[in-house]
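Given the structure of chain U, go ahead and fit chains S and W onto it with the hints provided.
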Amino acid sequence: MSNFNSAITAQDITKSFGKLKAVDKVTLSIREGEIFGLIGPDGAGKTTLMRMLAGMLTPDSGDASICGRSSLKQHQQIKDDMAYMSQKFGLYQDLTVYENIRLYADLYDVSKKNMKEQINDLLDFSYMRPFRNRRAGKLSGGMKQKLQLICALVHKPKVLLLDEPTNGVDPVSRRDFWRILYNLSAEGVTILVSTAYLDEAERCSRIALMNNGRIITTGTPSSVIDESGIKIASVKTQDNQQNISKIRNLFPDSSIHIFGEKIRINTSDYQAASLKLNENLDGETEITQEKPMLEDIFMSLQSRSGSSEKLLSMVSEGIEKREGSSVITSSLTKRFGDFTAVNSIELDVKYGEIFGFLGPNGAGKSTTIKMLCGLLIPTSGNGSVGGFDISKNPEKIKENIGYMSQKFSLYEDLKIYENIDFYGGIYGLSGDKLKKRRDWALELSGLKERSREITANLAGGWRQRLALACSIIHSPSIVFLDEPTSGADPASRRLFWDIISSLAAEGVTVFVSTHYMEEAEYCNRLSMIFRGNMIAHGTPFELKEKYMDDKIVNISVEQPQTYIEELSKMEGMNDVALFGAGLHARTSDPDSVLNKINKYFSAKSVHADSKLIQPSMEDVFVSLIDQAEVADA
Amino acid sequence: MPDSFSFRRLKAIIVKEFLHILRDWRSLAIAIAMPIMMLLLFGYALNIDLKNIPTAIIDYSKTPESRELISTFDGSPYFKIRNYYDDKQEIEKAIQRREIKAGIIIDKDFAKHINNGSPVHVFAVIDGSDANTGRLVMNYIQALGMIYNERLTAKKLNFQSSQINMKPRAWYNQELISTFNLVPGITAIVMVVIASMLASVTVAKEWEMGTMEQLISTPVRKLEMTLGKAIPLYVIGIADVMIAAYAGMIFFDVPLRGEPALVVLTATVFLTAVLFFGLFLSIALKKQVLANQIAIMSGFLPTLILSGFVFTIANMPLPIQIITHLFPARYFISILRDIYLKGVGFSMLFTHFSFLTVYAVLMIVLANKKLKLRLD
Amino acid sequence: MLLKLKAMLIKELKQMLRDPKMRMVVLGIPTIQMLVMSFAMTLDVKNINVTILDFDKSSTTYEIAHKMNSSGFFKIESYANSLDEVRGMLDNGEVRGAIVFEAGTQEKIYKGQKADVQVIADGTMSNDAGIIFSYMSSIISEYNMQNMFRLTGKADTPVEFTARALYNENLDSRFYYVPGIITMMILVTSILLTSIAIVREKEIGTIEQVMVTPIGKFEFIIGKTLPFFITGIITTTIMLTIAFLAFDIVVKGSIFTLGLVVSLNILSYLGLALLISSASYTQQQALLTAFFILMPFSLLSGFLFPIDNMPMPIQYLTYLDPMRWGFESITGVIIKGAGIRELSTQIQWQIGHAVFFLTFASFRFRKTME
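As they're listed, the protein sequences go chains U, S and W.
Counting in our numbering, the first sequence runs from 5 upward without gaps.
Counting in our numbering, the second sequence runs from 5 upward without gaps.
Counting in our numbering, the third sequence runs from 22 upward without gaps.
The following block holds chain U by itself, in its conformation from the complex (with noise of 0.2 Å):
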């Protein structure tokens, strides 16, 4: 057999639900030791996939391996050789971290002997020993996927199935995540990972994109970028949300974004597209080529349809224009027993604002979130959202608000319409106005067709957009939303926040906050959080100029995993981590790094490409929960 050292292969696998057809003859092989990206839309049937790798699901027809056994016939005998990570948080919340390994120790039968050592050095090597003895329902997001993971190793399996394992985690731990997948890999475990990040299908040595079922294209990461075909064209004009309407005019079949300064076009002809560029804007136009990135093919997976343009010109229906501050507080803050949840914030929000709540998991966003929906008393400070007190009118406040949760929060046991209907009946909606909301709100998530569907039925990215109708049914002037894109595919979040951008244009404050380090460039004003405290804040470009003293160098190279533990070593330099598929180099002194890194390569004669960039929202912030670490230390 060709694939004798395929770790993982799929061949005709099928499966349906009724009359959707999950995984369409799906056929894969993974190598040895690979790190493979399984990537694609919600509802793509990546977990149906895997699950049927992982033996746990009965295929229609076709069948997989794991380590040369069948995933249909030998469904026990893989599970010694394997490992799963489900999606939805698997572990026990009212059990300690260790109770949590050692049961999963001791159904994998680890070998007794050198066992408390070996999951000591698994805690060790996660950075997880000082939780040992915490309960994993009081864990971070972050770290209940870490423990996860140890879980799954526990048993040195060969072969790791992770189904979306960073869902919601920040950077900082998504990082130190993937630390440990290299660190897996380079000893010869197989890892089959989706994700919904396409940064982290960037680090893969090869990656599936999946949609309808099917696997549409594998390869590296910039062989699926070559081959798509797609060219970007990517103009800077003087007002970009003035113009973006007129763009999406011109190229009715593209799909159009605002990314930082520049609005992309995805084109298939870009000397065409330039052209037709150049004769219909007015005013100074800047238009460049671009390369395509793996999100520019993702979004030519879903080309928006006309009636997205209606849809963004629907979201304001009926909003109330108002001018002034919307949130301000004064020394908000919120213990918990001796715990400080939320020391002292103050914000001064506007009305028309995107205002961005960065932190790691448990820095206190969702805390102060929930203050400001008066969904929890403050224990001191004050604050008012819409010109009403927190603490004495929070029952008003409820009257001016959407608010959506992190957790899936709709009832999963009533259908798609009986979910809306139920808030807009809550919010004192009825008779035609029901009807139209009702409309729109299915038009907002796209579930139009399938509005008599069970809510429970519902892919990762549907139910995040349903739950967002829900939460602005009633047209609020101000808008909380609590990490509302984690989980969700790269179209979902790019069309929340297309949303979210109409939103604000008609006035209304949208609070939010996101894991997403590339979302925050799209906020008008940030704040950047950690164990409480408010560590930064200001405009996206005030926040990379005012609070990075250090700066960037992106190394582009192959293998980075394996470059970083000596680069880290060398003098001036303050950082070195994964980013993107290549490295980020942190430094005080730019030139002399910059120096000592191409001398280190050629020293190597390894080809990598170094230089000096600006720093990204990412970087700052791990800069800043850095600096505020050493602080507190």
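I should point out that these hints are in silico values taken from the structure, not numbers from a laboratory.
Hints may be right or wrong, so weigh each one.
[To be verified] With a straight-line Cα cutoff of 30 Å, these simulated BS3-like cross-link-like pairs (lysine-lysine) come out:
hint	chain 1	residue 1	chain 2	residue 2
1	S	Lys97	S	Lys55
2	W	Lys35	S	Lys374
3	W	Lys238	U	Lys396
4	W	Lys238	S	Lys159
5	U	Lys354	W	Lys132
6	U	Lys23	U	Lys77
7	U	Lys437	W	Lys27
8	S	Lys291	U	Lys419
9	U	Lys240	U	Lys250
10	W	Lys223	U	Lys419
11	W	Lys357	S	Lys92
12	S	Lys15	U	Lys160
13	W	Lys357	S	Lys376
14	U	Lys92	S	Lys160
15	W	Lys35	S	Lys290
16	W	Lys88	W	Lys132
17	U	Lys240	U	Lys354
18	S	Lys15	U	Lys117
19	W	Lys388	S	Lys84
20	U	Lys25	S	Lys290
21	S	Lys160	W	Lys175
22	S	Lys374	U	Lys92
23	U	Lys25	S	Lys376
24	W	Lys67	S	Lys291
25	U	Lys400	W	Lys238
26	S	Lys291	U	Lys142
27	S	Lys55	U	Lys77
28	S	Lys15	U	Lys92
29	S	Lys171	W	Lys132
30	W	Lys135	U	Lys142
31	W	Lys273	S	Lys92
32	S	Lys84	S	Lys226
33	U	Lys440	U	Lys411
34	U	Lys77	U	Lys29
35	W	Lys88	S	Lys159
36	S	Lys290	U	Lys411
37	S	Lys290	W	Lys223
38	U	Lys120	S	Lys15
Keep in mind it's a predicted model, so treat the numbers as computed, not measured.
Frame of chain U; chains S and W shown alone:
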């Protein structure tokens, strides 16, 4: 052998389940307090024995003969004279107010008619709203009437009363103490409810919380899973049996005449049956709420009413007697009662014990058959 | 206000009744249980299996045995030969009683002397044993009386005891147990289903999204209560219909009064259940607590165990049991045809309970997350 049963995995599941139980102290406290509460409730508060029936008298006769009749009633353990009235209306009103359950009306000519040998009637009005009690009251009135007649005749004919003298002997429970019955009945109810209720959530909860998906990706086997979940609950159940037994002895001097080991053995088989019934519900329904509701509904009332605890099965209509065979509590209570009060050995209990065992085995098989450690 | 409430109601009803299994739990199980239980509940002891150990074997002992057999209370199962055999039969439960005639019984009677007859009853069911003794003694008294007449050649008309049962002429036990079981079912279904109403949303996390909407505390509480109230009323109606069809039980009093007392009863349960729900962290806790409360409620209500037989302090305690008032008033209307005036005490207590529990539950419930 990957398909073999592993004690280590079993132990791992047991430890995990124990930790869940210990961390939810409130549920644990209720599980432990339940038998004590039940025992006190039944021991002190509840009494099904029909004694001291509150009775009112209208004595229009007011003669030694009528007083003799009244004292026959008042002297029996069954009736207690609460009131004397002058008007029939008052009896009905008192019954409506639930003050009395029976009223006896003695005519003006009562003594006269007795002495001249003409027919005499004594009328009684009883509360028929509770027909069972009403029928018993009616039977008691007639029985006491017969005793009064016998005395009257003996007096008239100068006989010593009662040539045939009944010597009542209640075996196993000389003084007819109803609390002696409590321990078996209460143990059964507590067991059925606690065990099937707690068991009915365990598997469903794992599906609902999403922990099952992770768990079944490991080599864990069905039997390890079901046993691992049943054993910790078994420990609680057995603790409840002990608590009920000791509390019964301490508070109410309930004797244990048979082998204590036999009690534990029976309880073990019974608990197995009930626990695996709960697990079966949990596995089959996959929803905590539903499994739990069905567990309680099929547990509490049937055990209270159809098990022979409060109502004697032999007194029920035949079709209902057949239905009672569906509830293992029936066998359990009967076996326990025999061990406690009759002190009989295993050979006497064999039939009931076999029924119980069959039931338990059936439940184990059903639960394991229904359990699918896959996502299909 | 009404709109929000309506939205809440529709949602709750749909969630409850969507699953056919749940419909079964809400509507089916109570009805089936009512049917089976009503037949099972009987304290009436008849056809008691007995064995006879006759060392006398005379016409006297034969006559007494015959009298027993024809009384309808006893059924002579067998004749034993030894006391050991009697013990064996009682041990394995073949018979529930035994009569032992000693040798020389007839001789003593003929001589006008006293003769002892031993009546043995299985004391494990103490109540049954008491009944056996009382029936037996009346049979023996009757024999004694007839014997006296026979010996003296005189005859006399004995005093005849005629009893008339109020409310239920034929003393048909269904008239008592069917309405009783209905009140019990109302208790069990309303408390169990409602006690998880809030905690379930807490556990799943949906409550957060609802609490941030402008829905009022009372709308939320009423929205949570009313669906169970409605299903409670529906279930009760179904049970009453079946009671009529299967057992010919007709509501003697006014339907209005019945509706009133049933509603009050359900409301007090719902208030209590919501209290449990908002004080619990998991569904399991809520259900265990509900059950822990449900048991004394049902047992102290006076339905299965008469309150008169309870010790005084416990009798006072039963005032706090909403099922006591529910049971008394509901059965009062159905069986006795009692009206609001007769039930004024019960109704007052019911109102008290309903108001207390509902107020306490809404007081306890907060629209914040602590």
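Hint-by-hint comparison with the structure:
{"no.": "1", "hint": "S/Lys97 x S/Lys55", "in the structure": "holds, 22 Å"}
{"no.": "2", "hint": "W/Lys35 x S/Lys374", "in the structure": "holds, 29 Å"}
{"no.": "3", "hint": "W/Lys238 x U/Lys396", "in the structure": "holds, 16 Å"}
{"no.": "4", "hint": "W/Lys238 x S/Lys159", "in the structure": "violated, 78 Å"}
{"no.": "5", "hint": "U/Lys354 x W/Lys132", "in the structure": "violated, 116 Å"}
{"no.": "6", "hint": "U/Lys23 x U/Lys77", "in the structure": "holds, 26 Å"}
{"no.": "7", "hint": "U/Lys437 x W/Lys27", "in the structure": "holds, 16 Å"}
{"no.": "8", "hint": "S/Lys291 x U/Lys419", "in the structure": "holds, 18 Å"}
{"no.": "9", "hint": "U/Lys240 x U/Lys250", "in the structure": "holds, 14 Å"}
{"no.": "10", "hint": "W/Lys223 x U/Lys419", "in the structure": "holds, 20 Å"}
{"no.": "11", "hint": "W/Lys357 x S/Lys92", "in the structure": "holds, 18 Å"}
{"no.": "12", "hint": "S/Lys15 x U/Lys160", "in the structure": "holds, 21 Å"}
{"no.": "13", "hint": "W/Lys357 x S/Lys376", "in the structure": "violated, 54 Å"}
{"no.": "14", "hint": "U/Lys92 x S/Lys160", "in the structure": "violated, 92 Å"}
{"no.": "15", "hint": "W/Lys35 x S/Lys290", "in the structure": "holds, 19 Å"}
{"no.": "16", "hint": "W/Lys88 x W/Lys132", "in the structure": "holds, 22 Å"}
{"no.": "17", "hint": "U/Lys240 x U/Lys354", "in the structure": "holds, 27 Å"}
{"no.": "18", "hint": "S/Lys15 x U/Lys117", "in the structure": "holds, 17 Å"}
{"no.": "19", "hint": "W/Lys388 x S/Lys84", "in the structure": "violated, 56 Å"}
{"no.": "20", "hint": "U/Lys25 x S/Lys290", "in the structure": "holds, 25 Å"}
{"no.": "21", "hint": "S/Lys160 x W/Lys175", "in the structure": "holds, 10 Å"}
{"no.": "22", "hint": "S/Lys374 x U/Lys92", "in the structure": "holds, 24 Å"}
{"no.": "23", "hint": "U/Lys25 x S/Lys376", "in the structure": "holds, 23 Å"}
{"no.": "24", "hint": "W/Lys67 x S/Lys291", "in the structure": "violated, 45 Å"}
{"no.": "25", "hint": "U/Lys400 x W/Lys238", "in the structure": "holds, 13 Å"}
{"no.": "26", "hint": "S/Lys291 x U/Lys142", "in the structure": "holds, 25 Å"}
{"no.": "27", "hint": "S/Lys55 x U/Lys77", "in the structure": "violated, 70 Å"}
{"no.": "28", "hint": "S/Lys15 x U/Lys92", "in the structure": "holds, 26 Å"}
{"no.": "29", "hint": "S/Lys171 x W/Lys132", "in the structure": "holds, 20 Å"}
{"no.": "30", "hint": "W/Lys135 x U/Lys142", "in the structure": "violated, 83 Å"}
{"no.": "31", "hint": "W/Lys273 x S/Lys92", "in the structure": "holds, 23 Å"}
{"no.": "32", "hint": "S/Lys84 x S/Lys226", "in the structure": "violated, 61 Å"}
{"no.": "33", "hint": "U/Lys440 x U/Lys411", "in the structure": "holds, 27 Å"}
{"no.": "34", "hint": "U/Lys77 x U/Lys29", "in the structure": "holds, 18 Å"}
{"no.": "35", "hint": "W/Lys88 x S/Lys159", "in the structure": "holds, 24 Å"}
{"no.": "36", "hint": "S/Lys290 x U/Lys411", "in the structure": "holds, 22 Å"}
{"no.": "37", "hint": "S/Lys290 x W/Lys223", "in the structure": "holds, 19 Å"}
{"no.": "38", "hint": "U/Lys120 x S/Lys15", "in the structure": "holds, 17 Å"}
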